[in-house]
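Student: Work out the full structure, taking the sequences as your base and the hints as a guide.
Number of protein chains: 2
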Amino acid sequence: MKKFALIALASMAVSFSSVAQESPLTQEMKDHAVKIGEAAYKSNLTKDLITSLTTEVGHRLAGTANDKKGREWAMRKMREMGFDRVWEEPVDFPLWHRGSASLEMTAPFEHDLHIVALGTSIGTPEGGLTAEVVQFDEYKDLVEAEPNSLDGKIAYVSLRMAKTGLKGYGYAGQARRMGSVAAAKAGASAIIIRSIGTDDNRTPHTGSMNYEDGVTKIPAAALSNPDADLLDNALKYGEPVTLKLEMSSHSHDPVVTYNVLGEITGSEDPEKAVLIGAHLDSWDLGTGALDDGTGVSIVMSAAKHILDGGKRPKRSVRVILFAAEEEGLIGAREYVRAHKEDHKDFDNILLGAEWDSGTGRIINFAPGVGPTSLSVAREIGYVLAPYGVATLMTNTAKGQSDMSLLGNAGMPAVNLGMEPTNYFDFHHTANDTLDKVDMDAITHNAAIYAMFSYMAADVDVDFTK
Amino acid sequence: MKKFALIALASMAVSFSSVAQESPLTQEMKDHAVKIGEAAYKSNLTKDLITSLTTEVGHRLAGTANDKKGREWAMRKMREMGFDRVWEEPVDFPLWHRGSASLEMTAPFEHDLHIVALGTSIGTPEGGLTAEVVQFDEYKDLVEAEPNSLDGKIAYVSLRMAKTGLKGYGYAGQARRMGSVAAAKAGASAIIIRSIGTDDNRTPHTGSMNYEDGVTKIPAAALSNPDADLLDNALKYGEPVTLKLEMSSHSHDPVVTYNVLGEITGSEDPEKAVLIGAHLDSWDLGTGALDDGTGVSIVMSAAKHILDGGKRPKRSVRVILFAAEEEGLIGAREYVRAHKEDHKDFDNILLGAEWDSGTGRIINFAPGVGPTSLSVAREIGYVLAPYGVATLMTNTAKGQSDMSLLGNAGMPAVNLGMEPTNYFDFHHTANDTLDKVDMDAITHNAAIYAMFSYMAADVDVDFTK
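So the sequence lines, in the order shown, correspond to chains U and Z.
Following this note's numbering, the numbering of the first sequence begins with 1 at its first residue and continues without gaps.
Following this note's numbering, the numbering of the second sequence begins with 466 at its first residue and continues without gaps.
One should not assume that every hint holds.
[Stated by the list, open to error] Here are the simulated DSS-like cross-link-like pairs (lysine-lysine), alpha carbons at most 27 Å apart as the crow flies: (1) K244(U) to K737(Z); (2) K163(U) to K512(Z); (3) K737(Z) to K930(Z).
To be clear, the hints were calculated from the coordinates, so they are not data collected in a lab.
Tutor: Right, dumping it as structure tokens:
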């Protein structure tokens, strides 16, 4: 009911604005966008791309041979699909090796627990480290631990992520992102966290973590939820619980990886471009299907649908596949630096949007543009309304993930919001595989990306204004 | 609606039979059974037992140190709960070591695939074996493979188990149980099957397999469903797919393990006993919570509830926790042999029932008794009707799992049937952990077991007649 009401409202808005003023978003542009979108819904391209990427390449851990295979795959596909330009831009980055990781409970009961190293963690000394575990209900309790109170201990944060999407992820994720620093400040030898995930599988969740200059680096790992339950139950006996942690993770000197770009060149002002992005790298546990193979497939597919529409937009549509997102938006940071400082062409980006939300169906469109162009951004949004995409009345979007760095550097952006999914059941785990992808949803998402980016590249408006 | 209709019908039947004839199942027996059942529903015992077993012991792979810990746990618990007799009966059995198992796709694409060795499989030669894979849609196609047609190849059965409970399990499971023989007859070096399971997790399903005298033993392993999907997708390219399999599994000379028994001794004829069973051993990947920690907890709890009822049944209620079920009902086979041949007291078992169905809520009661005693068995069933347990009008039950060997050897039996669950999502995987257990369902199941076994042990009837 709600969805139909939104569609009806939006249709009214489109008609009304067409009559009331001369919009730079012409009826012809809208009609062509709809034509592209309708064709996109009939296409298997997005499905074929995600199937191909996960089957032929698999994971794409930044800096590894698989990362290179992923870039070669993306460039080959974009060339085969007839993109006008396909190129790479270098990104320096310290290669991380996951190595092996094991955790045994040695007292009061004996168990092999399922863990994974957190991304960029150091390893343990060879032979591992055995220590009593000290439980903290959540990150903020760990932060309050007194210096030396955890000397020779393993800190453990047991909070289970609430199933509230990004909100729950952000809150529980503090333990992953900053827990090693807090634990080390209190003297801990290592930190173990309950996985930042909403499932009950023995597939622990990795993810990025941070060290701080001047604070001892300690190994950091995540337990699967069932293993964290087991540890919690063992701790309830009130006896000391001892864990043996062994990890061989380590980082290397910087290597070069690359952001991969592909362009459908604009007919009138090709230097200017709408940038639609995703990240090509992934963690190494699954095949990087949801995170972010879907995004890669959606934005590549969207650009191809524009090409197949037979009419170039006036400005370019550029696909950007960011490198080393997982380790902390490294490819995006370098992109901003290089295009601000070296190429000085950062302002040629008209508008940016990223897809890094797995397999959720797009249900809303949120602009983040200048005050004058907002009405045009909303008109673009209204064209999407009949496809079940509501335009949010906010104007604060900065772009998701990598793209947020570009947004913060001044690029106008739109965010495309999704239906809630079970994304955080699989996120950063071995379970991030093709079977989890909703092919209808990503086909829809590619159609939405194609329509919005075509219109944004064709319409004569400055979104910074 | 249906459930209420059943309850109403059953209540009528109870009243009617009470009036129409002098039943050996007296109103006092029924009332006492209901008293026991009502107390059982209020108890946390079943929940506490399964939590304790999985926390303090974990898996119980037959013949391992954990198997011994499991037996010690069970005997200690039964003694602490005041069982009259607790003892072990030896079972010889060839110890199996899982060792390590890895599978790489080496061409046309490179992937590390998630596998587990099937139980009792041999390993590969050291360094592994690399061979082209030949896909079969299902077991019956593999059986038809010509001799030598798979020489130097790895056979792969890709059938996905239908989500139809035991029916789907039995059908798809042929590949697991007998695939290695069929593959070896056609010359294969190894067999890989898609896991016999209904989930989409990277947690492959182990389970028993068989070799045949005179047929070469080959290594056998199962892929997780997402990994089988990936292999299927790679095979669709039509190029040779090469796998490198390395497994260090091996069996040893027989060791001794034990069936564990505990008894609530009958007040009049203690040699005679109702036998309620489960298997104490488990596979080693999870903590053996569903398979068969729930059964262990349910039957131990049921006996304790009878004890707590304050009135001994005339004949004993005996809990039997079978050894080495997973490797092929080895403890049960020895129990039948020993009690038929050595002790010659097999006929003292009045009636048997096993729980090896995970966390499903009991919804029906199926007798397998002599023609004369059938009406009494049904009367017992009718007492369970108000608790949502329908008595089936069949009379063919032999007992589940281990107990089926006793049923086939002449023991009267009842089967307790469960609501469909997602049991085969977790069965024989690392995901068989405490969080999957429905504590309300197993509390209900223990109440049903307590009521039925109390009545069966107290009523003056010969269930073989």
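Student: Run every hint past the structure and note whether it holds.
Tutor: For each hint, the structure was consulted:
A distance of roughly 50 Å separates the Cα atoms of K244(U) and K737(Z); the hinted pair therefore is violated under the 27 Å criterion. Taking the CA atoms of K163(U) and K512(Z), the gap is about 25 Å. The hint holds against a cut of 27 Å. Between K737(Z) and K930(Z) the CA atoms are separated by roughly 15 Å; this keeps the pair inside 27 Å, and the hint holds.
Figure legend: structure checked against the earlier numbered hints; the only hint not met is number 1.
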